[in-house]
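Assemble the dimeric complex from its two separately framed chains, guided by the hints.
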Amino acid sequence: MNLDPINIGNTIFNTSNQESHYMNPTDRKKYWRTNLKYLGLLLLVWFLVSYGFGILWVDELNSIRLGGFKLGFWFAQQGAIYVFVILIFVYVRLMNKLDKKYKLDD
Amino acid sequence: MDIQSWTFLIVGLTFALYIGIAIWSRAGSTKEFYVAGGGVSPLANGLATAADWMSAASFLGMAGIIAFSGYDGSVYLMGWTGGYVLLALLLAPYLRKFGKFTVPDFIGDRYYSNLARTVAVIAALFVSFTYVAGQMRGVGVVFSRFLDVEVNTGVYIGMAVVLFYAFLGGMKGITYTQVAQYCVLIFAFMVPAIFISLMATGNPIPQLGFGSSGEDGVYLLDKLDGLMTDLGFTAYTDGSKSTMDIFMITAALMLGTAGLPHVIIRFFTVPKVKDARKSAGYALLFIAILYTTAPAIAVFARTNLMETVQDTPYEDIPPWFKKWEDTDLIAWSDKNGDGKIQYAPGSAIDGKKPVFTENRGTYGQRLIANASVSPNELYVDRDITVLANPEIAGLPNWIIALVAAGGLAAALSTAAGLLLVISTSISHDLIKKQFAPEISEKTELLIARFSAFLAVIVAGYFGINPPGFVASVVALAFGLAASSFFPAIVMGIFSKRMNREGAITGMIAGLAITCYYIARFKLGWLGSPETSGADNWWFGISPEGFGTIGMLVNFGVALLVSQFTAKPPEAVQEIVENIRIPSGVGAASEH
Numbered sequence: 001m002n003l004d005p006i007n008i009g010n011t012i013f014n015t016s017n018q019e020s021h022y023m024n025p026t027d028r029k030k031y032w033r034t035n036l037k038y039l040g041l042l043l044l045v046w047f048l049v050s051y052g053f054g055i056l057w058v059d060e061l062n063s064i065r066l067g068g069f070k071l072g073f074w075f076a077q078q079g080a081i082y083v084f085v086i087l088i089f090v091y092v093r094l095m096n097k098l099d100k101k102y103k104l105d106d
Numbered sequence: 107m108d109i110q111s112w113t114f115l116i117v118g119l120t121f122a123l124y125i126g127i128a129i130w131s132r133a134g135s136t137k138e139f140y141v142a143g144g145g146v147s148p149l150a151n152g153l154a155t156a157a158d159w160m161s162a163a164s165f166l167g168m169a170g171i172i173a174f175s176g177y178d179g180s181v182y183l184m185g186w187t188g189g190y191v192l193l194a195l196l197l198a199p200y201l202r203k204f205g206k207f208t209v210p211d212f213i214g215d216r217y218y219s220n221l222a223r224t225v226a227v228i229a230a231l232f233v234s235f236t237y238v239a240g241q242m243r244g245v246g247v248v249f250s251r252f253l254d255v256e257v258n259t260g261v262y263i264g265m266a267v268v269l270f271y272a273f274l275g276g277m278k279g280i281t282y283t284q285v286a287q288y289c290v291l292i293f294a295f296m297v298p299a300i301f302i303s304l305m306a307t308g309n310p311i312p313q314l315g316f317g318s319s320g321e322d323g324v325y326l327l328d329k330l331d332g333l334m335t336d337l338g339f340t341a342y343t344d345g346s347k348s349t350m351d352i353f354m355i356t357a358a359l360m361l362g363t364a365g366l367p368h369v370i371i372r373f374f375t376v377p378k379v380k381d382a383r384k385s386a387g388y389a390l391l392f393i394a395i396l397y398t399t400a401p402a403i404a405v406f407a408r409t410n411l412m413e414t415v416q417d418t419p420y421e422d423i424p425p426w427f428k429k430w431e432d433t434d435l436i437a438w439s440d441k442n443g444d445g446k447i448q449y450a451p452g453s454a455i456d457g458k459k460p461v462f463t464e465n466r467g468t469y470g471q472r473l474i475a476n477a478s479v480s481p482n483e484l485y486v487d488r489d490i491t492v493l494a495n496p497e498i499a500g501l502p503n504w505i506i507a508l509v510a511a512g513g514l515a516a517a518l519s520t521a522a523g524l525l526l527v528i529s530t531s532i533s534h535d536l537i538k539k540q541f542a543p544e545i546s547e548k549t550e551l552l553i554a555r556f557s558a559f560l561a562v563i564v565a566g567y568f569g570i571n572p573p574g575f576v577a578s579v580v581a582l583a584f585g586l587a588a589s590s591f592f593p594a595i596v597m598g599i600f601s602k603r604m605n606r607e608g609a610i611t612g613m614i615a616g617l618a619i620t621c622y623y624i625a626r627f628k629l630g631w632l633g634s635p636e637t638s639g640a641d642n643w644w645f646g647i648s649p650e651g652f653g654t655i656g657m658l659v660n661f662g663v664a665l666l667v668s669q670f671t672a673k674p675p676e677a678v679q680e681i682v683e684n685i686r687i688p689s690g691v692g693a694a695s696e697h
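Protein sequence lines correspond, in order, to chains Y and V.
For the first sequence, our numbering gives the first residue as 1, with consecutive numbering after it.
For the second sequence, our numbering gives the first residue as 107, with consecutive numbering after it.
Hints were generated in silico from the structure; no laboratory data involved.
Check each hint, because a few of them may be wrong.
DEER-style ranges, computed between Cβ atoms [unchecked claim]: (1) Y:D106 / V:S135: 16 to 26 Å; (2) V:D417 / Y:L66: 28 to 38 Å; (3) Y:V45 / V:A475: 46 to 56 Å; (4) Y:V45 / V:S634: 19 to 29 Å; (5) Y:D106 / V:G134: 47 to 57 Å; (6) V:A640 / Y:L66: 30 to 40 Å; (7) V:L123 / Y:Y82: 45 to 55 Å; (8) V:E544 / Y:W57: 55 to 65 Å; (9) V:W631 / Y:W57: 19 to 29 Å; (10) Y:Y82 / V:T340: 18 to 28 Å.
With a straight-line Cα cutoff of 35 Å, these simulated DSBU-like cross-link-like pairs (lysine-lysine) come out [said to hold, decoys possible]: (11) Y:K97 / Y:K30; (12) Y:K101 / V:K378; (13) V:K673 / Y:K101; (14) Y:K100 / V:K602; (15) V:K459 / V:K628.
Derived coverage of chain Y by chain V (criterion: at least 3 residues anywhere in the stretch with Cβ under 8 Å from a Cβ of chain V; other residues may be distant) [to be verified]: (16) 26-36; (17) 50-59; (18) 68-74; (19) 79-86; (20) 89-102.
All C-beta atoms in this analysis are idealised placements derived from N, C-alpha and C, irrespective of residue type, glycine included.
Isolated chain V, as found in the complex (with noise of 0.2 Å):
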């Protein structure tokens, strides 16, 4: 069978099995909708937070990203990673403990303020809105690698399955499709990767195999590292940015990680406290297994690239090469006239993507418009590090079909964790807690559908039409998270002190100031063009680094607010003693 039928077969099996899932786990009640029920295993719980937490970006792009970088990769290993320990030590059990639908219930209720409140729910519908168009757009690009439709229509495949599922089964189905939907993605993962690192070099387990030498004798990362510095780049194991910029960049991912809405909620789903600890654990052992592979993968990719292709004549090229340029994922031309490839540090071409012509060249390559002056004649695009890799590989086409598959149940996983989010937020959150307290149980869960619906939409239409800033997801996302949600609550739980006044105007300062940066040095809203490059980076910390400063704002000026204003009133201090004590959970979540 040829690549597209076992594509289709697999991707059509798999979404079969989701919606097969949904339909057996709908939501009969708001606490199922909002919390699967509280009665979620911490295993299950784990696997599912994997799957939510790793996204198309995770399956797809980070190998890429590390390939292409090196030891600055290293912000993501560590920052996606790290997160979770803050999560498990400082936040989910109290959290669980508190025993309500979100994370703005907490706030609302800690700060005694609906203004607090609202606050958190703005920042929740904004973080959770701009990850979910990216990840929309991933499930479009997927389909149109793989199975040859367009990327549109990709999206509203997509957002067809993520309605069913959201819909019926709110969290619940969400929870069980996640399950299915982690075995799916970390098999596509691993199964090529363990194929790879025993034809690089004999050792089955890849985060071994990247440690160890080749037929030749030679350490692979040795070798990678010359085979860089002999062609000009930094060694792959040094790395350019300043450890700076690597500290602060690290620490907004972790810390964004803990305050990112969707992880945090999945941790309400647990019947206990320790549940909720174990579950975190279970998860990060999860993630880890994808997150020590993906930097094999990296080295794999970017030793056998820079071996295949440097000064090798295009006419003898391996065809997975021809293949990807195909699809615009490689580009090469010929600037030196020597009928060879030569890489070398440098874009190849101006702009961020190759502008093919219609016409082919002497040696059948595609002409590209935009060749930059740069010694570099080769373009790679990185997400053929992980898409292309089974190829390269040689291996059978079923598991290529099976890649496409992973990729999809990334995105998706991810989407709909996200899309809950913003449904709660709408229905709980807003409505049922601030308009329109009256409604009854059953109208709130009628609104809450419904709002998932309206969220598939509009999360749909950012797919189709991206807008600019889709591309600086990670900064915004990451920065508001960090600079908003995490002090907030982190301070809720460990400070009795801190008042209604001190975390408003926290939140407020944290996610101004991260908003500012990022608009001023990432999008370029603020300020003239001239004085928004690196050079005028505040301490050298880039926009994605910002948001640990944003989240050291936010402590600072709570802390310092509520020295002057007045004590938390007696009804307050009660909770946060009750948050600290694991037990009486069952009863709390009564409600």
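Only chain Y is shown next, with the shape it has when bound in the complex (with noise of 0.2 Å):
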């Protein structure tokens, strides 16, 4: 098997096109920062009611009531799912806002 790099030069981005994309480096390195920090925050929401209300802390949680459900119980089988579908839409405003802000936005 060939191992040697191979052709991706003219394959991808035609250079014409980055020129009217074009972002000095300091706004590149904001941009992509701002969106590691939500990801950072997000994913952190993520693992909480997931990993953690739903399974670490599922006994803990399942001494408080939800109406019928206990509360661990109901993050396992709904809560998270709820999150899950929010936290997808919440992602999406903030980079159609960040992308607007660095006019991003095509």
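Here it is, written out as structure tokens:
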């Protein structure tokens, strides 16, 4: 099997197009940092509601009731899924705003 | 009209619809064939992804699995939805910006190596073939249950339909049929669920219904916990798997979901990066409708079963019990000779399925040859949870027929998505990118169609002669996707330093250790049977959850090796810079 670099230069991005979306390196960095910050926060919530509330602390939470549900059980079979959906739409909103700020929404 | 005629009518109508859509959305170019021309709206892509994702197992099997495993079933609910958060945040937008047709495309270009591309193609083919075999079998089973035809005949009919629209329309045809299939399957799933929730609790929303109380004022879940602990089962809301195992299985399913090629490829079909994010949100929303309803159905079904059968004389049992007994899905052996049904923990039979004799017992029950010594007298196939629901609730015949159409829609849509990945892997990743780069687009399209044809034949073969490992499909497909694709793609986007050597050794290490573990503890191909039991699992992790460890090994090896080898070339670092910026995607996909 051949391990040599394969031709990638001309297949992906054509340069004239890149110029029209030119971003200076500081802005690039800032944009990426903000994105990573959003990712960190949202994934923290993602971890908390599923692995945290639904698995690791399920027994503790089960002593709290939410109507007919034990809270830990509810997170594992319902709550975590609702939060997942909300998380994605929050990310969509945040990123659409961020893209607008850096004029990356074409 | 009887159930049979209704089923023929509704299944016939839905099939005509799928074929009509296929003719309307024929593909004329490779771009249309591979990624539907890149012009699918985020909403349509969300619907198609949901149908693609929810297989016969989700539709027919999941509620049953949860009904019979209680809290432990949460691993599937969280695992098969949480992966979409990873997809939307870590993978889909960047892969869309990258703007190629396949996952091996990304791996091959980002790691500037045909070896990496080949490893990715092999993993993609392996994952998709294991998965698709189960789907074709699912089509056959639905046909045999509802239309009284042979399982194999059912597989042939399924093959013909999938072939028709995958061959003609490629991704374009598949996308729009999947939109229709989502509508069919969700309607078929929700209608009985709403009726049953109403009957059990007076609340039409199943998600709320299973947390409310019945006529006696006792909360349904408390009642079920009580019924179960009285008979010696673990409480429904407690579960019996270890916390460690629950954690690992959930993680493996999430990471696997995010790494499955037939899911990722769907996000190549939308016009822009922001559409990729949005359509992941829609996809999860549409999936969540079914996934939050399934645990409600599970509770209704389990409660109903326990209340109906426990200590009930066989002669007084409702007719659905006997009907499903006639189709081998329920079996009862009167071990203590009192003529009543006793349901208890432990398997009522030796082996996996009941072996029926020709004879009937004192009360007219079918006798079985492999009753176990356990005091449990009742065998129930988990699949009847969804199949028998409409009958148990006394719903009209057309709804029962609808469930058949829904099950078929779920199986066909997933099979088609997988077949497309297989045909693309062959025509694009192997032939166009490796063996014959000079072929014209027209030839490539022809090869793509031909590989789709070939893939259907192979999938059909496996559907008719299921290999032994089909039962382990979940562990295999998800474990392999989690331990190979997920880390390689994430590092390709989030680390500019990750290089060819690191990615390849990482993927191979992750795949190897996961394959080893599954072969050792799930399939029993390696090592002696005495040491393959749950006691010997590493850290108490079941084979289903081992993909998580494979993923960690992949990350660890890749990071280590990349530290001691050369940086990726400038041009590749430029790719990484570029996929992080969402604009300019239109031009990027023209090539």
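Which hints from the list above does the structure break, by number from lowest to highest? Structure breaks hints 4, 5, 7 and 9.
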